[in-house]
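Number of protein chains: 2
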Amino acid sequence: MNNQNILATALVSVFAFTAAISHAADPLPSWNNGKSRLSIVDFVEKVTKPGSPDFVPAAERIATFDNDGTLWAEQPMYFQFLFAFDRVKVLAPQHPEWKDKEPFASLLKGDLKGALAGGEKALMEIVGATHSGLTTEEFEKIVREWIATAKHPATKQPLTGMVYQPMLELLSYLRANGFKTFIVTGGGIEFVRVFAEQVYGIPPEQVIGSSGKLKFEMRDGKPVLVKLPAIDFIDDKDGKAIGIQQHIGRRPIAAFGNSDGDLQMLQWTAAGPGARFCLYVHHTDAAREFAYDRESHIGKLDKGLDEAAAKGWTVVSMKNDWKTIYPAGN
Amino acid sequence: MNNQNILATALVSVFAFTAAISHAADPLPSWNNGKSRLSIVDFVEKVTKPGSPDFVPAAERIATFDNDGTLWAEQPMYFQFLFAFDRVKVLAPQHPEWKDKEPFASLLKGDLKGALAGGEKALMEIVGATHSGLTTEEFEKIVREWIATAKHPATKQPLTGMVYQPMLELLSYLRANGFKTFIVTGGGIEFVRVFAEQVYGIPPEQVIGSSGKLKFEMRDGKPVLVKLPAIDFIDDKDGKAIGIQQHIGRRPIAAFGNSDGDLQMLQWTAAGPGARFCLYVHHTDAAREFAYDRESHIGKLDKGLDEAAAKGWTVVSMKNDWKTIYPAGN
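Those protein sequence lines, which keep their order, are chains S and W. Our numbering applies: residue 1 is where the first sequence begins, and numbers increase by one. Our numbering applies: residue 1 is where the second sequence begins, and numbers increase by one.
FYI, nobody ran anything at the bench for these hints, they're computed from the structure. There's no promise every hint is true.
If several chains are the same, the list does not tell them apart, and a pair holds so long as it fits within one copy or across any two.
Straight-line C-alpha distance at most 27 Å; calculated DSS-like pairs for lysine-lysine [claimed, not checked]: (1) Lys180 / Lys222; (2) Lys215 / Lys121; (3) Lys121 / Lys213; (4) Lys222 / Lys46; (5) Lys237 / Lys213; (6) Lys89 / Lys141; (7) Lys99 / Lys311; (8) Lys35 / Lys46; (9) Lys222 / Lys141; (10) Lys49 / Lys101; (11) Lys303 / Lys222; (12) Lys237 / Lys222; (13) Lys99 / Lys49; (14) Lys323 / Lys151; (15) Lys151 / Lys141.
Make a model of the complete structure from these sequences and hints.
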């Protein structure tokens with residue numbers, strides 16, 4: 001090749017590259033054009049544009065996402081409870097006393113309603129019994145194996161296929177614009193971390209969640225961390241703002257939730273100086289997903305809906321704003 | 001310019017760039033050539049070389065650093081206590097009862113020995129009284145203002161100038177090789193975060209430390225997080241391994257400490273599969289810094305020194321391995 005040819009080749013490469021960029025210009029293909037989508041793009045453009053009065057340095061572009069009901073489905077119950085229920089069945093032979101002890105007795109008879117009659121206390125008992133007594137590594141392995149095959153009771157789809165395609169695009173779009181994306185979930189931190197990196201592109205150190213106490217122990221000269229049946233932190237409501245402070249130590253500039261449990265995270269985010277973005281995912285699509293809000297036992301969105309209206313936060317209607325709900329090919 | 005000139009200009013740029021790289025080839029200029037330095041470079045090269053049997057993907061290149069005595073000095077006492085003592089003086093007018101109450105009474109008379117006679121309990125009382133009752137934002141502002149002017153009692157140097165230059169180079173070297181660097185400190189998480197980004201290049205979300213409980217509160221319609229006088233977590237000894245699990249959720253492949261308080265972090269790091277690197281900074285330089293180990297009340301290094309010898313961990317002699325201790329120009 002002579003010099004002119006080298007130059008020509010280089011120029012062709014540059015044009016090809018530019019074409020590739022403009023071809024990939026729609027980072028949110030599953031979002032309908034409308035107010036919700038526009039509000040997202042407007043915010044991202046103004047905080048990333050150098051010289052803009054709303055410009056935010058990359059290190060401060062922290063975005064936090066609730067998980068259940070915001071990144072993946074949460075009906076008819078939080079998926080982690082499906083794990084806990086399956087785990088009760090696996091552990092039952094080691095616990096003959098469960099046959100006569102609620103909530104385990106009902107659960108083992110397949111009577112979910114009876115098991116849940118004990119309310120939150122019963123649920124916590126089930127979670128305690130199924131999420132402790134293991135090392136962190138044993139627990140991770142069990143969750144990894146479980147989630148690889150677990151199916152949704154109604155749709156029969158793999159649970160990790162019931163993530164929201166428009167939210168996956170939003171996560172990628174934010175990261176492509178220099179944001180650091182975090183999960184801030186009421187779910188168990190060690191449960192969600194197992195799949196967050198593969199499914200959402202969010203590494204374990206960017207997952208904040210509820211946790212149990214841990215104990216450092218030497219076993220055959222090797223250190224292990226044992227999961228104790230004692231709650232360490234509940235990452236819900238007030239706990240979401242507190243968890244953000246303890247783990248991130250920097251206030252998010254954007255926060256995404258779907259329920260009243262996320263309200264304090266959105267309030268905390270909104271109260272900082274400069275441009276801020278708060279978004280609620282509103283479950284309005286009974287045909288393609290589920291429709292619920294103010295009266296729901298799971299993912300209740302009542303106060304949050306009022307505050308979003310009062311403060312001008314973005315409220316995404318899954319029915320109207322999203323072209324698709326789940327990724328293709330499930 | 002014609003095409004040939006453009007090409008010539010481009011080639012000159014490429015050569016200049018290559019020369020700049022090879023000129024900057026020593027990433028650890030303050031480290032003497034010797035076993036310690038060699039062990040670091042060997043480890044980094046083998047875990048970053050594609051195709052090497054010890055190769056570790058970038059996402060898993062987690063390196064954790066103790067702060068006091070590992071990244072900056074800790075004698076004659078942890079610098080955070082200097083902050084707490086200064087704070088007692090500032091707050092004294094609001095606490096007339098301190099005149100007759102230990103450890104405050106001794107402290108206010110300038111009798112440090114008397115104040116510390118109460119041991120850890122007295123210290124915790126001082127920390128509790130000076131680190132709570134504020135919002136997280138108020139506390140951050142106070143620490144920021146204090147550290148901008150605080151001087152070391154013996155050297156009269158700014159405290160942030162008493163960081164170790166060789167460790168700053170090590171942090172940069174690891175990051176340039178795709179590592180994510182974390183601080184795992186027994187010190188207060190909200191204290192260290194104030195200067196960690198500017199001084200060490202470590203953002204707040206990569207600082208793990210001891211913490212107090214927080215309370216979410218609305219004040220004039222604005223959410224605040226109030227620091228309560230109750231301990232939430234002590235990030236020392238067993239707590240270092242636990243803190244790493246809770247915050248990072250992934251085992252480090254390299255860990256750096258200087259005392260027995262770091263031993264569990266090093267054990268936890270060493271116990272993972274694949275290539276691992278553990279390093280102790282040994283304070284051996286009475287002339288340029290301080291010399292202490294097995295008998296010291298602060299930064300005691302006793303069991304750790306034995307275990308390092310038994311396991312073949314790197315033990316850095318500050319006297320022999322480091323050309324300089326502090327950054328130039330303090």
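Go through the numbered hints given earlier and state which of them the structure violates, listing their numbers in rising order.
7, 10, 13
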